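Student: Could you build all of it, start to finish, from the sequences and the hints given here?
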Amino acid sequence: MFKTRWFLALLTLVVSPGLLFGAATISGKVSYTGTPAKSKTIDMSKEPSCAKQHTTPITTEAVVTGPNNSLANVVVYISAGAPDESSAPSQAVTFTQKGCQYIPHVIALRTGQELKVVNEDQTSHNIHPMAKVNREWNKSQPPGTPPLSEKFDKEEFIPVKCNVHPWMHGYFAVLKTSHYTLSGEDGSFKLPDLPAGKYTITAWQEDYGAQTQDVTISGSETKTVDFTFKAKPY
Amino acid sequence: MHTTYRRLLTHLALVFFSLFSVAQEARVGHLTGHAANGKKLYRRFCVGCHGPLGDGNGDNAQWIDPKPRDFTAATFKCRSTPTGTLPTDEDLYNSVGRGFTNSNMPHWDALTDQNRIDLVAYIKTFSPRWQSEKAGDPIKIPAEPAITMQSISHGAELFQKMECWKCHGQQGRGDGPSAATLTDSKDNPIRPYNFAAGADDSRFKCGSSNQDVYRIFMTGVDGTPMPSFADVIQPNDAWDLVHYLRTLQTHRHSRENEVLKASGGKIPSKAPDANPPAQPENKGSGN
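Residue numbers (our numbering), protein chains in the order written: chain A, 1 to 234; chain B, 1 to 287.
These are computed hints drawn from the structure, not numbers from a lab.
Only a predicted model underlies this, so the values are computations on that prediction, with no experimental measurement involved.
All C-beta atoms in this analysis are idealised placements derived from N, C-alpha and C, irrespective of residue type, glycine included.
It cannot be assumed that every hint is accurate.
[Stated by the list, open to error] Per the computed footprint, the stretches of chain A lying under chain B, defined by three or more beta-carbons under 8 Å from a beta-carbon of chain B, are:
no.: 1; region: 50-58
no.: 2; region: 158-169
no.: 3; region: 206-219
[What the hints assert, rightly or not] Calculated cross-link-like contacts (lysine-lysine; reagent style DSS-like; alpha-carbon spacing at most 25 Å):
no.: 4; chain 1: A; residue 1: 232; chain 2: A; residue 2: 176
no.: 5; chain 1: B; residue 1: 161; chain 2: A; residue 2: 98
no.: 6; chain 1: B; residue 1: 134; chain 2: A; residue 2: 132
no.: 7; chain 1: A; residue 1: 52; chain 2: B; residue 2: 186
no.: 8; chain 1: A; residue 1: 29; chain 2: A; residue 2: 198
no.: 9; chain 1: A; residue 1: 154; chain 2: B; residue 2: 186
no.: 10; chain 1: A; residue 1: 151; chain 2: B; residue 2: 140
no.: 11; chain 1: A; residue 1: 151; chain 2: B; residue 2: 186
no.: 12; chain 1: A; residue 1: 46; chain 2: A; residue 2: 98
no.: 13; chain 1: B; residue 1: 166; chain 2: A; residue 2: 98
no.: 14; chain 1: A; residue 1: 132; chain 2: B; residue 2: 266
no.: 15; chain 1: B; residue 1: 134; chain 2: B; residue 2: 166
no.: 16; chain 1: B; residue 1: 134; chain 2: A; residue 2: 176
no.: 17; chain 1: B; residue 1: 166; chain 2: A; residue 2: 46
no.: 18; chain 1: A; residue 1: 232; chain 2: B; residue 2: 186
no.: 19; chain 1: A; residue 1: 98; chain 2: A; residue 2: 151
no.: 20; chain 1: A; residue 1: 52; chain 2: B; residue 2: 161
no.: 21; chain 1: A; residue 1: 151; chain 2: B; residue 2: 134
no.: 22; chain 1: B; residue 1: 39; chain 2: B; residue 2: 166
no.: 23; chain 1: A; residue 1: 40; chain 2: A; residue 2: 176
no.: 24; chain 1: A; residue 1: 176; chain 2: A; residue 2: 154
no.: 25; chain 1: A; residue 1: 98; chain 2: A; residue 2: 38
no.: 26; chain 1: B; residue 1: 266; chain 2: B; residue 2: 166
no.: 27; chain 1: A; residue 1: 151; chain 2: A; residue 2: 29
no.: 28; chain 1: A; residue 1: 116; chain 2: A; residue 2: 29
no.: 29; chain 1: A; residue 1: 190; chain 2: A; residue 2: 132
no.: 30; chain 1: A; residue 1: 40; chain 2: B; residue 2: 166
no.: 31; chain 1: B; residue 1: 266; chain 2: B; residue 2: 161
no.: 32; chain 1: B; residue 1: 161; chain 2: A; residue 2: 132
no.: 33; chain 1: B; residue 1: 161; chain 2: A; residue 2: 40
no.: 34; chain 1: A; residue 1: 154; chain 2: B; residue 2: 140
[Unchecked claim] Computed, partial: chain A to chain B, Cβ under 10 Å:
no.: 35; residue: 46
no.: 36; residue: 47
no.: 37; residue: 80
no.: 38; residue: 84
no.: 39; residue: 132
no.: 40; residue: 134
Tutor: Next up, the structure:
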């Protein structure tokens, strides 16, 4: 009796990492139909220290498209079915302000994970995440000051802006899972290391909203899940 | 049968929640406010603008700019606590009594102290945050150093370095290069504070003492473009900035303006761009 219990405990210990990180992969492509609104050119002439950093005109990044109707910068993640994860990764995610732009425009991170905000510009920025589920805050970061270190406790897509430079807009995608990724320039994405199971996959785009698909994977297969968003002309 | 049971449960939960929220309290000094009493006062005095749900959508809201506060968001402008944290009961109590200058929110000092603290308790029922979070720890403010020309001119340097002028303008008239584009967190246009407006009656939104001015830029005005500078301005430097800001209130009598006038009315200007001021040797604040 007693032995069986020990055996079971041991078995859970051995198997549980396998439950968290399996061998299956979900991959696919995010694309759009219709005609997306044209990106607008940003006029940075009011901030010469930033304007001079750009040789080609900078455009808004709310919708970034690639060849063959592909859609980049889409957050793809497992919204249901993934095993619960206890602690956030210890390494920080870095969000940089450079040339009066957010690099990257959309950043994904885990709840409780450290977010480092860096100002590489010769001008002051204010970092203003307009959170609704998490707490809204607003901090100034003049040039040459050390990175800000912040955390968000709850899952939320938080729009972030700099009030001084109104063209600076971005998103913090705070997720409960570490199984997330962003679609590349060709719209492709890959969610590796998944154990067998039934999952809900969500793709989120800041202007086009969210879509979900259910998928069941077994063993170490690679399953394809594609997402298609209807573009908004304006 | 099953649905009735579930409905009963929902009702019970609702009753429990409303009981719980009406039991909300607020404390300032020897005063204890009770939400149940505050509710009656709110229905009489506040509902017209802030609305029955506390979301700032009262009948009068459409005619009002700036818009009435949305208590369901639990984001407050005038706090003694760091940006992103809940204010203390005292912060809210003071806001009700003080009112908000340049807005339609009057000062409610016609109400008794007990009335005001009861209202604070009721306001705290509109957001569940008050159950799950504690108020932030009030920021520490060191004793104010002497108002000297040195302090004022160091404050002027900080005004440049922190780029306050981007929104507030070089003379603090609220006409900086970014002023026209500013919006609050609900996308309503918002104006940066014009220091030069008014004379002796000119007031800041969150109080009129030098400590209140200190608090505004160190805590930030949450829900607006005004950020917190607590991470980037040292406490003693912050006092220098306060002293300089007072001189931007050109028509207001103040010790700062007297000191400035006595030394010829001009702040010695260092070339702002060519040679950014080195911060380590911070004088003018130690005495």
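Student: So, against the hints stated earlier in the document, which numbers end up violated here?
Tutor: Checked against the structure, the hints that fail are numbers 1, 3, 4, 7, 14, 15, 22, 23, 27, 28, 29, 32, 33, 34, 37 and 38, while the rest are satisfied.
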